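There are 2 protein chains.
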Amino acid sequence: MVDIIHRVGIAASADEVYSALTTNEGLAKWWTTDTTGAGNVGSIIKFRFDGGGPDFEVAELQPDSVVRWKHSGEMPGPWMGTEVSFHLSRGDNQTYVLFSHSNWKEPSDFMGHCSTKWAVFLLSLKEALEKGEGKPFPNDIHIDHDE
Amino acid sequence: MVDIIHRVGIAASADEVYSALTTNEGLAKWWTTDTTGAGNVGSIIKFRFDGGGPDFEVAELQPDSVVRWKHSGEMPGPWMGTEVSFHLSRGDNQTYVLFSHSNWKEPSDFMGHCSTKWAVFLLSLKEALEKGEGKPFPNDIHIDHDE
Numbered sequence: 001m002v003d004i005i006h007r008v009g010i011a012a013s014a015d016e017v018y019s020a021l022t023t024n025e026g027l028a029k030w031w032t033t034d035t036t037g038a039g040n041v042g043s044i045i046k047f048r049f050d051g052g053g054p055d056f057e058v059a060e061l062q063p064d065s066v067v068r069w070k071h072s073g074e075m076p077g078p079w080m081g082t083e084v085s086f087h088l089s090r091g092d093n094q095t096y097v098l099f100s101h102s103n104w105k106e107p108s109d110f111m112g113h114c115s116t117k118w119a120v121f122l123l124s125l126k127e128a129l130e131k132g133e134g135k136p137f138p139n140d141i142h143i144d145h146d147e
Numbered sequence: 001m002v003d004i005i006h007r008v009g010i011a012a013s014a015d016e017v018y019s020a021l022t023t024n025e026g027l028a029k030w031w032t033t034d035t036t037g038a039g040n041v042g043s044i045i046k047f048r049f050d051g052g053g054p055d056f057e058v059a060e061l062q063p064d065s066v067v068r069w070k071h072s073g074e075m076p077g078p079w080m081g082t083e084v085s086f087h088l089s090r091g092d093n094q095t096y097v098l099f100s101h102s103n104w105k106e107p108s109d110f111m112g113h114c115s116t117k118w119a120v121f122l123l124s125l126k127e128a129l130e131k132g133e134g135k136p137f138p139n140d141i142h143i144d145h146d147e
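Protein chains in written order, with the working numbering: chain A, 1 to 147; chain B, 1 to 147.
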């Protein structure tokens with residue numbers, strides 16, 4: 001099993017970051033504008049990119065601290081069985097977000113693509129909270145010429 | 001052992017990308033402006049950030065295809081024993097760069113930080129080649145408020 005991990009520091013409260021990870025409105029500001037279904041543990045969040053996109057089930061919520069999703073239903077083959085988590089911790093003037101997309105079966109070109117793309121979206125989360133405007137799909141930064 | 005991997009696609013020839021990974025002038029346009037020592041296999045490249053920074057020995061060069069560095073001398077503890085590689089491949093209208101920073105002993109906050117930061121620098125490489133200007137240190141994008 002191999003994992004993608006990232007870490008950013010955001011000048012916002014843990015509560016503000018947690019909201020951006022657990023509500024449709026918050027998620028729509030940094031990952032994809034077409035986000036529905038966010039809610040309590042057991043909710044299925046539908047992230048859509050031009051119609052298609054993954055569903056994740058909310059697996060764990062610890063307010064202002066931990067958000068964990070597990071894959072739900074059909075998604076790109078390499079994402080089957082994977083989990084996404086966000087661990088929040090406070091610094092002096094920022095909230096750190098330690099992100100992981102874990103349990104990939106093997107490294108691949110596609111995993112490399114997703115790793116870079118997650119970085120772009122986490123910087124979008126940072127911008128959304130610090131500047132009021134992120135870059136969610138369809139306004140996301142492109143990292144190659146296939147997108 | 002755990003690895004960081006990333007992948008970007010750059011609208012430039014493999015030769016142009018290879019030059020940006022193997023010459024002081026090229027490296028200075030996307031990672032740090034203070035880069036010296038780049039050359040053939042066995043060369044020690046000194047990457048400096050406000051005076052400090054890592055040395056890497058050039059371990060493998062396959063023109064327009066593979067660049068591999070291994071750690072040399074002192075560097076942050078978790079980077080000791082690690083390797084950095086770039087594998088280039090051609091697409092229809094772009095050169096793909098599959099990046100890895102491999103052989104970390106364990107995942108950590110610092111590894112998460114470096115993973116996100118490498119994404120930022122690979123996008124800097126992409127901008128340098130596509131737009132003529134990247135964002136090398138000290139003009140790099142900050143991903144937290146400790147930098």
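Please note that a few of the clues may not be correct.
[What the hints assert, rightly or not] Pairs of lysine-lysine residues, derived as BS3-like cross-links and limited to a Cα-Cα distance of at most 25 Å, are as follows:
no., chain 1, residue 1, chain 2, residue 2
1, B, K70, B, K105
2, B, K70, A, K131
3, B, K131, A, K135
4, A, K46, A, K135
5, B, K46, B, K135
6, B, K70, B, K46
7, B, K135, A, K105
8, B, K46, A, K135
It is worth saying that the hints were derived from the structure and are not from the lab.
Values in this document were obtained by computation on a predicted structure and should not be read as measured data.
Going through the hints against the structure:
1. A distance of roughly 15 Å separates the Cα atoms of K70 of chain B and K105 of chain B; the hinted pair therefore holds under the 25 Å criterion.
2. Restraint check for K70 of chain B and K131 of chain A: the C-alpha separation of about 39 Å exceeds 25 Å, so the hint is violated.
3. For a cut-off of 25 Å, the pair hint linking K131 of chain B to K135 of chain A stands: about 20 Å separates their Cα positions.
4. Pair hint K46 of chain A plus K135 of chain A holds up; C-alpha atoms about 18 Å apart against a cutoff of 25 Å.
5. Between K46 of chain B and K135 of chain B the CA atoms are separated by roughly 18 Å; this keeps the pair inside 25 Å, and the hint holds.
6. For a cut-off of 25 Å, the pair hint linking K70 of chain B to K46 of chain B stands: about 12 Å separates their Cα positions.
7. A distance of roughly 34 Å separates the Cα atoms of K135 of chain B and K105 of chain A; the hinted pair therefore is violated under the 25 Å criterion.
8. Restraint check for K46 of chain B and K135 of chain A: the C-alpha separation of about 35 Å exceeds 25 Å, so the hint is violated.
When the structure is compared with the earlier hints, violations turn up for hints 2, 7, 8 and for no others.
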